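Protein chains: 2
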Amino acid sequence: MKAILNHRSIRKFKNNPIDDTLLNDILHAGTRASTTGNMQVYSIIVTKSDEVKQQLAPCHFNQAMVTQAPVVLTFCADFNRFNRWCMLRNAKPGYDNFLSFFTAAIDALLVAQNVCIAAEHNGLGICYLGTTTYTAAKIIDVLKLPVGVVPVTTVVLGYPDEAPDMSDRLPLASILHQEIYQDYSDGDIDQIYQHKESLALTKKLLEENQKETLAQVFTDNRYTLKDNVAFSKALLEVLRQQGFMNNDRIE
Amino acid sequence: MKAILNHRSIRKFKNNPIDDTLLNDILHAGTRASTTGNMQVYSIIVTKSDEVKQQLAPCHFNQAMVTQAPVVLTFCADFNRFNRWCMLRNAKPGYDNFLSFFTAAIDALLVAQNVCIAAEHNGLGICYLGTTTYTAAKIIDVLKLPVGVVPVTTVVLGYPDEAPDMSDRLPLASILHQEIYQDYSDGDIDQIYQHKESLALTKKLLEENQKETLAQVFTDNRYTLKDNVAFSKALLEVLRQQGFMNNDRIE
Numbered sequence: 020m021k022a023i024l025n026h027r028s029i030r031k032f033k034n035n036p037i038d039d040t041l042l043n044d045i046l047h048a049g050t051r052a053s054t055t056g057n058m059q060v061y062s063i064i065v066t067k068s069d070e071v072k073q074q075l076a077p078c079h080f081n082q083a084m085v086t087q088a089p090v091v092l093t094f095c096a097d098f099n100r101f102n103r104w105c106m107l108r109n110a111k112p113g114y115d116n117f118l119s120f121f122t123a124a125i126d127a128l129l130v131a132q133n134v135c136i137a138a139e140h141n142g143l144g145i146c147y148l149g150t151t152t153y154t155a156a157k158i159i160d161v162l163k164l165p166v167g168v169v170p171v172t173t174v175v176l177g178y179p180d181e182a183p184d185m186s187d188r189l190p191l192a193s194i195l196h197q198e199i200y201q202d203y204s205d206g207d208i209d210q211i212y213q214h215k216e217s218l219a220l221t222k223k224l225l226e227e228n229q230k231e232t233l234a235q236v237f238t239d240n241r242y243t244l245k246d247n248v249a250f251s252k253a254l255l256e257v258l259r260q261q262g263f264m265n266n267d268r269i270e
Numbered sequence: 020m021k022a023i024l025n026h027r028s029i030r031k032f033k034n035n036p037i038d039d040t041l042l043n044d045i046l047h048a049g050t051r052a053s054t055t056g057n058m059q060v061y062s063i064i065v066t067k068s069d070e071v072k073q074q075l076a077p078c079h080f081n082q083a084m085v086t087q088a089p090v091v092l093t094f095c096a097d098f099n100r101f102n103r104w105c106m107l108r109n110a111k112p113g114y115d116n117f118l119s120f121f122t123a124a125i126d127a128l129l130v131a132q133n134v135c136i137a138a139e140h141n142g143l144g145i146c147y148l149g150t151t152t153y154t155a156a157k158i159i160d161v162l163k164l165p166v167g168v169v170p171v172t173t174v175v176l177g178y179p180d181e182a183p184d185m186s187d188r189l190p191l192a193s194i195l196h197q198e199i200y201q202d203y204s205d206g207d208i209d210q211i212y213q214h215k216e217s218l219a220l221t222k223k224l225l226e227e228n229q230k231e232t233l234a235q236v237f238t239d240n241r242y243t244l245k246d247n248v249a250f251s252k253a254l255l256e257v258l259r260q261q262g263f264m265n266n267d268r269i270e
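First to last, the sequence lines map onto chains C and E. If you read the first sequence in our numbering, its first letter stands for residue 20, the second for the next number, and so on. If you read the second sequence in our numbering, its first letter stands for residue 20, the second for the next number, and so on.
Don't take every hint at face value.
Which copy is meant is left open, so a pair is good if it fits within one copy or across any two.
The list that follows gives simulated cross-link-like pairs (lysine to aspartate or glutamate, EDC-like), each with its CA atoms no further than 20 Å apart [stated by the list, open to error]:
1. K111 x D246
2. K163 x D202
3. K72 x E198
4. K111 x D239
5. K163 x D184
6. K21 x E256
7. K157 x D202
8. K111 x E216
9. K245 x E270
10. K230 x D207
11. K33 x E270
12. K157 x D239
13. K21 x D44
Bear in mind the hints are in silico, worked out from the structure with no lab data behind them. Note that the structure is predicted; figures quoted are calculated from it, not measured.
In isolation and in its complexed conformation, chain C is listed as follows (with noise of 0.2 Å):
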């Protein structure tokens, strides 16, 4: 519990490698994780090398702490593996589609949350990487992913080089709904984002964005309608691609 209640995103990791036996332990816990029908369709790659770390980091936007953490884990929805094992067996595999996809991409972070919790529990750091499924493709070119096999988020591991703040949350409540949804009424978003507003953390990203609104920094700077829609065309490409997205396929 104290692993979790105490995490912090870790962005400036030391020089201490990892040792092998304790990443070994750490990726043993993620697979502890539930699978769907215990199919195990995930696939981790471990980046240590500077080299392919070099690689990736402008998958991830050039951020420092691709090529600065010891440990890079690209988590990957993986039907390769389960397909292969059908044809050698004399099974007819039906997982090229959306569902099938959407089910391994929930094994894979399934596993990547056990993986962090079992980390900050040995006190490494993590932080997870949102690019992965903006530049899914390119990360699919530099790890080599066959068809089958879909990245779906990224996680920088360390011992940490900085202690940050804890994230401030919303209310449990307002995410929370008791028995069904209940829709939000405008004095309900107002006092569900008081707090976050009040923050002084959102004063000065006002400031540094020259925004009258915290949304707007959301809406204007960060996650913006134009990177959306390229990206969201990106990912269905790729799933395309990878062999996901035959959804009209009959025996």
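Since the structure of chain C is provided, determine the placement of chain E on it from the hints.
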């Protein structure tokens, strides 16, 4: 770590209810998970009433645990709350696209896994229900999820009334790839699946399903092409209906 390493899916629960304070602590632990840009684009629907559980049961193929478990949690990708905030703050949200859905789904899944680990740490048992993505449209109907909200997974929660063995897993090395993806030879596949195929559970499944190979149990009975194609179409239609497939919108 103990909670992670001892995970078993629990499908039979005692009658004891879960104390509200404990449930709140567990859900709070959920919200400490990493979230893209600290947007928290997820919601959790907490079902305790018999009435709603009865309505959810068919969405989960009437598995007994849905009505038997004291608490059912439906984890949703949710941009509705964030979009409403943007609109009240003179900001134009650009989150009605596939990338945004997937971002929100990642958020929801990391929260779900934190909740499960926190629950297990506190002596509860959990089971994920893969059926959520198969019948998302029905769940949306039962839980009254508005546009911008899509259920991505469901977890049943309660005090265990069974003590199943730990599930087998593939050898750790077989799901890891050092630096770049090393594709599998036929020999690799044989070796990776050898242990699983030798289990008593496998023999039992072959008999029950009248199949030659374990892979055929998956392809012909459990996760068939026909079902996957139907569920893929249904899930993509849900994404469209819930406003996440406007991938060509420009301002």
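Cross-check of the supplied hints:
no.: 1; hint: K111 x D246; verdict: between (38 Å within a copy, 14 Å between copies)
no.: 2; hint: K163 x D202; verdict: between (44 Å within a copy, 9 Å between copies)
no.: 3; hint: K72 x E198; verdict: between (46 Å within a copy, 9 Å between copies)
no.: 4; hint: K111 x D239; verdict: between (47 Å within a copy, 8 Å between copies)
no.: 5; hint: K163 x D184; verdict: neither (38 Å within a copy, 37 Å between copies)
no.: 6; hint: K21 x E256; verdict: neither (41 Å within a copy, 41 Å between copies)
no.: 7; hint: K157 x D202; verdict: between (39 Å within a copy, 18 Å between copies)
no.: 8; hint: K111 x E216; verdict: between (54 Å within a copy, 18 Å between copies)
no.: 9; hint: K245 x E270; verdict: between (39 Å within a copy, 8 Å between copies)
no.: 10; hint: K230 x D207; verdict: neither (23 Å within a copy, 56 Å between copies)
no.: 11; hint: K33 x E270; verdict: neither (54 Å within a copy, 44 Å between copies)
no.: 12; hint: K157 x D239; verdict: neither (26 Å within a copy, 35 Å between copies)
no.: 13; hint: K21 x D44; verdict: both (19 Å within a copy, 12 Å between copies)
Violation of the numbered hints given earlier is confined to hints 5, 6, 10, 11, 12; the remaining hints are satisfied by the structure.
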